[in-house]
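Student: From first to last, the protein sequence lines stand for chains A and B. Under the numbering used here, the first residue of the first sequence is numbered 1, with each subsequent residue one higher. Under the numbering used here, the first residue of the second sequence is numbered 1001, with each subsequent residue one higher.
Among the clues, some could well be false.
Simulated coverage check for chain A against chain B, where a stretch passes if three residues somewhere in it have a Cβ under 8 angstroms from a Cβ of chain B [what the hints assert, rightly or not]: (1) 208-222; (2) 228-239; (3) 305-314.
Computed list of chain A residues with no C-beta within reach of chain B, every gap over 12 angstroms [as the list claims (entries may be wrong)]: (4) Pro88; (5) Tyr105; (6) His282.
These aren't lab readings, by the way, just hints derived from the structure by calculation. Ideal Cβ placement from N, Cα and C applies to all residues, glycine included.
Chain residues, written in single-letter form:
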Amino acid sequence: MTVARWFQIHRPISPRARLVLGIMSFVLPILVWCVVSYVPSVWHPQMLIIRPGSVDYLEPGMRMDRKAFEGEAADAKSEDRAPPEGIPANPIYLPAPHEVAMAFYTAFTTPPASKDGVWLHESLWHSIQIIFWGFFISSVLGVPLGLLCGTYGIFSRLNEPFIEFFRYLPAPAFGALAVAILGIYDGPKIAIIVIGTFYQQVLIIANTTRKLDLALVEAALTLGTKNSKLLSRVVIPGVLPDLYRDQRILLGWAWTYLIVAELIGTTSGITWFITQQARYQHFANVYAAIIIIGIIGLGTDMALALVGRRLFPWDRSLAKQD
Amino acid sequence: MNQIVIPSAGLPSYRDQTHQVRSRFERLKAREVILTVNGLGKTFRSGKKETVALRDVHLSTHRREFLCVVGPSGCGKSTLIRIIAGLEEQTSGEVLLEGKPVTGPGRDRGMVFQSYTLFPWLTVKKNVMFGLEVNNHSTFAAEQQAQQWLALIGLEKFADAYPHQLSGGMKQRVAIARALANQPRILLMDEPFGALDAQTRCRMQAHLLEVWRKIDITIIFITHDLDEAIYLADRILVLRAHPGELQELIEVPVPRPRDLSQFISREFLATKARLEELIYSPHAGDAEDDLYPMVARMTDVNDNVE
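Can you make the complete structure from the sequences, with help from the hints?
Tutor: Here it is in structure tokens:
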């Protein structure tokens, strides 16, 4: 295969190549991480002290700047003292892949440090519930309103200008207000996710609805379809596959509001876990927790895509994607 | 424009009708009038510019008549049929269906569009059932009737297929069945075979005539294909463009039943010659004619392809 063929616009890619490329998209960043972590000549700006030698302020396990270390070593040598020994290391905030992998395992098997603490899976479950309720409440209001705005000009003109304005207001800005109104527990967190999702949701779903082929509506009209039946039997089924796709994207957005939402009031859920671990400089655990969020998000989306294919066997754009 | 000019010398007048054809028309006109269009006008307004799409159009069709509407592009034939369907509102005049004025779309006027408008989320059978269900027939009754209509168009085997699994011709057959299942008084067809390939179109025309012969339906059929119009129609309404106005109502002298061999019959050719005269004459006003320039030669003079 020549290189030129890879650069043909919209050239279809074979399922095998697709799989290989998909795996590569994960392997490549991990590979970069491995190189930075395991090849001492790449980056490694610090030294991990093995033996302090004659330098009295050093301790084994301490990290120090490479330049300072080399200075101390040279001083000791010139004064004929025992030089400190150490190995090149990365800063503590960049653990190596294997450390994160270990943390992944131990995070689920280690009991919480304090008695009133929670397990990682309990934190995660709490976060998932926050997301669920936030997205659910947003959808219950946003989907019908989006459909109405996309179908009837009167709803569109009455709602969309204000929503366009409101969606620029950053959801976390309402944090203090949400706490004042809803208390310090789950209420304000769910509210932030609703605020972050709802306004985008209405606009996106209204736009999707507007893209419905008008000829289908006209065909239904000439078949004697009237008013509400036009909405329930033509508009809604007609946009359903696209609406479902929109909801998948919006659910992803809801997740991105999770961390700020959970910082509001009493910190809870996965955010509580992450901030605790970061406080004790267990950065491997922090990375593990962040990666888990990604895995849950991607996993949910893939599962929903699969369900979508079952739900909408007629949908051609879905067939083209896969 | 380089038209195929049919030598009209030696052809009979398109007005000459055999005894058989004349008595058919007499019987046709004796049947009750289904649709009347009186002084219909339509003006489109965009900004300050006004475009007259239709002006003072009159027509009436009798029960079980097959009426074709032809005309150059911009003559408003689609606008006419869309007003009859109730999808657009006229600026002046009125449309009467069995004496009652038309206000908005309704099940008494079925329509088949050029673009495929089957509901992609419904199976073929469900598409045919659609009109019956929204008009409060029980699912059971709708299903029974849909089966019959599918049998009529010969697509029972595809009852559970989705539209995207059908060919263009099949889609239009289902669209016809879907419209007919509602048992409308009149079937409006807006260039329904325009997107089909020549062979499929030919079969669809024969199929449509067969359907029309067997059931009580009046058809108004829009086309820009003159052969199609002559082959299908009892009468052909010729419109003029800019503004869209009535030019002539032609009674097709070709006897029924129609078949492909009639395409070279004298009556057929005479009618076609008349249609071409009307549509391609300079007065017909197809403004696009002067938009095609002579192309400058960019090859060697001796390197000739003709």
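Student: Decide, holds or violated, for the assertion that all CB atoms of chain B are farther than 12 angstroms from the CB of A/His282.
Tutor: holds (51 angstroms)
Student: Going by Cβ atoms, does A/Tyr105 stay more than 12 angstroms from chain B at every point?
Tutor: Per Cβ check, A/Tyr105 is outside 12 angstroms of chain B; nearest 46 angstroms; holds.
Student: Test coverage of the region 228-239 of chain A by chain B using CB-CB distances below 8 angstroms; three residues minimum.
Tutor: holds (count 5)
Student: Residue count check for the region 305-314 of chain A against chain B: does it reach three with CB-CB under 8 angstroms?
Tutor: holds (count 3)
Student: Against chain B, does the region 208-222 of chain A show at least 3 residues with beta-carbon separation below 8 angstroms?
Tutor: Check passed, 8 qualifying residues.
Student: May I ask you to check that A/Pro88 keeps its beta-carbon over 12 angstroms from the closest beta-carbon of chain B?
Tutor: Consistent with the label, A/Pro88 stays out of reach of chain B, its closest Cβ about 61 angstroms off (over 12 angstroms).
Going through the hint list in order, the structure satisfies each hint without exception.
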